[in-house]
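**Q** Sequence:
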Amino acid sequence: MEENKAAVQETSNAENKTGVINETARAAQDNKVTEDLLRELIALQKKETGHAKRTSFFMACFVIIILVVALVLVPKVMGTLNQLQNTIVQAQDTITQAQGTITKLEGELENVSGMVKSITTTSDNVNGMLEENTESLNSAIKEITEIDFAGLNNAIKDLQDAIKPFADLMRRF
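First residue of the sequence shown? That's 0 in numbering that gives the first Met the number 0, and the numbers climb one at a time after it.
Derived from the structure by calculation, the hints contain no laboratory data.
Derived DSS-like pairs: lysine-lysine, alpha-carbon spacing no greater than 25 Å straight-line:
1. LYS31 x LYS45
2. LYS31 x LYS46
3. LYS103 x LYS116
Computed beta-carbon distance windows for the label pairs:
4. SER122 x THR102: 28 to 38 Å
5. CYS60 x ILE94: 42 to 52 Å
6. ASN126 x ASP167: 55 to 65 Å
7. ASP147 x ASN124: 32 to 42 Å
8. LEU80 x ALA42: 53 to 63 Å
9. ALA97 x SER117: 27 to 37 Å
10. SER122 x ILE94: 37 to 47 Å
11. GLY99 x ALA139: 55 to 65 Å
12. MET128 x THR93: 50 to 60 Å
13. MET128 x LEU158: 34 to 44 Å
14. THR86 x LYS52: 41 to 51 Å
15. GLU107 x GLN84: 32 to 42 Å
16. PHE148 x ARG170: 28 to 38 Å
17. GLU107 x VAL71: 45 to 55 Å
Where a beta carbon is used, it is the ideal one built from N, C-alpha and C, also for glycine.
Using the sequences provided together with the hints, build the complete structure.
**A** Right, dumping it as structure tokens:
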């Protein structure tokens, strides 16, 4: 029995040694898998870190470019806006002056229209007067042309001859 016990114990020791070897082999294999996973994780983190660094660099460049553009463009934009505002104010002043001039011109046009109406009325009155007096003027001119100036001159000479002795008489007194 002791032999059996010793054989059982040896078998048990051999099984224990095999179990330990199996566990050691499994542990070594698990360590290798863990080690491979850790290497992959480290490589992935290095890639991500590289991407993050590049992204940060490009973002910093982008922010710097935006700041430079803002510092350069904002004063120019403000200057342009000020010029635009001045131009608008000048345009408003010009429009106000133009409206004043238009108002004055409208008043002047009304005065000119009144003058034209007055001239037209006067012209119509003169035309009417000429039309009314045309017959009278024609008959007067006809009568004037019909005057016998030679006969009138003879009558004046005869009158002078007749009055001459009377004038001489009157001079003596």
